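Novice: Please model the complete structure; the sequences and the hints are all you need to start from.
If you read the sequences in order, they're chains A and B.
Here the first sequence is numbered in our numbering, starting from 1 and rising by one per residue.
Here the second sequence is numbered in our numbering, starting from 1 and rising by one per residue.
Incorrect hints may have been included.
[What the hints assert, rightly or not] Where chain A lies over chain B, by a calculated footprint (3+ residues, C-beta under 8 angstroms):
{"id": "1", "segment": "45-57"}
{"id": "2", "segment": "99-113"}
[To be verified] Every beta carbon over 10 angstroms from chain A, so not counted as near; a handful from chain B, in silico:
{"id": "3", "residue": "D18"}
{"id": "4", "residue": "E68"}
{"id": "5", "residue": "R69"}
{"id": "6", "residue": "S73"}
{"id": "7", "residue": "E85"}
{"id": "8", "residue": "A88"}
Quick caveat, the hints were computed from the structure, so don't treat them as lab data.
Just so it is clear, the structure is predicted and the values come from calculations on it, not from any experiment.
Here a beta-carbon is modelled for each residue, glycine too, at the ideal position from N, C-alpha and C.
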Amino acid sequence: DQQVKQNSPSLSVQEGRISILNCDYTNSMFDYFLWYKKYPAEGPTFLISISSIKDKNEDGRFTVFLNKSAKHLSLHIVPSQPGDSAVYFCAASVGAGNNRKLIWGLGTSLAVNP
Amino acid sequence: GAGVSQSPSNKVTEKGKDVELRCDPISGHTALYWYRQSLGQGLEFLIYFQGNSAPDKSGLPSDRFSAERTGGSVSTLTIQRTQQEDSAVYLCASSPTGSYGYTFGSGTRLTVV
Numbered sequence: 001d002q003q004v005k006q007n008s009p010s011l012s013v014q015e016g017r018i019s020i021l022n023c024d025y026t027n028s029m030f031d032y033f034l035w036y037k038k039y040p041a042e043g044p045t046f047l048i049s050i051s052s053i054k055d056k057n058e059d060g061r062f063t064v065f066l067n068k069s070a071k072h073l074s075l076h077i078v079p080s081q082p083g084d085s086a087v088y089f090c091a092a093s094v095g096a097g098n099n100r101k102l103i104w105g106l107g108t109s110l111a112v113n114p
Numbered sequence: 001g002a003g004v005s006q007s008p009s010n011k012v013t014e015k016g017k018d019v020e021l022r023c024d025p026i027s028g029h030t031a032l033y034w035y036r037q038s039l040g041q042g043l044e045f046l047i048y049f050q051g052n053s054a055p056d057k058s059g060l061p062s063d064r065f066s067a068e069r070t071g072g073s074v075s076t077l078t079i080q081r082t083q084q085e086d087s088a089v090y091l092c093a094s095s096p097t098g099s100y101g102y103t104f105g106s107g108t109r110l111t112v113v
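Specialist: In structure tokens form, the structure reads like this:
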């Protein structure tokens with residue numbers, strides 16, 4: 001049972017346009033959400049996160065929106081650049097202390113075309 | 001070290017052989033995770049170590065897979081009698097206690113021929 005779902009396996013956008021990557025979750029106990037970016041032959045790297053008590057977090061070209069009632073979050077990249085082409089993973093955090101763990105989505109492959 | 005180090009970066013092995021993959025986490029990180037990513041798939045959780053607690057092995061796909069963490073630092077993931085479906089990138093990550101985010105290594109690409 002996939003608790004964190006990224007329903008679009010791939011996305012293609014033009015350079016300069018907005019990229020919107022979506023993520024849905026089922027567990028209302030998730031209290032923190034993170035986005036990771038992964039280039040080929042590298043491990044995932046942390047991109048941006050949001051606490052469940054907020055609905056928006058912005059960092060430069062990257063903004064994450066959280067809609068708790070819909071159990072939905074999205075990552076907006078604007079303007080998109082060719083270097084943003086990567087696989088983006090949504091992850092949700094649950095538990096406390098030593099029992100805290102991340103639950104991962106399957107990823108969305110973003111291609112930004114020049 | 002400055003980051004999570006994994007070795008080897010690439011490993012080609014014959015079906016039926018055993019392999020060992022190594023992970024050096026960031027110094028002081030108490031939590032260590034193993035994941036794998038098969039071609040075209042997402043991150044699959046394998047095992048989680050937290051300090052001196054018993055590891056969470058719930059993601060190991062079969063009894064051919066095992067992992068240990070010595071001295072609360074370096075970890076080795078062992079796959080016995082490898083099969084072709086074991087071919088994947090094996091990723092290790094570490095984090096401080098209770099942290100939300102992980103730092104990943106670059107992974108070991110395992111190919112079973």
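Novice: Quick check: which numbered hints come out false for this structure?
Specialist: none
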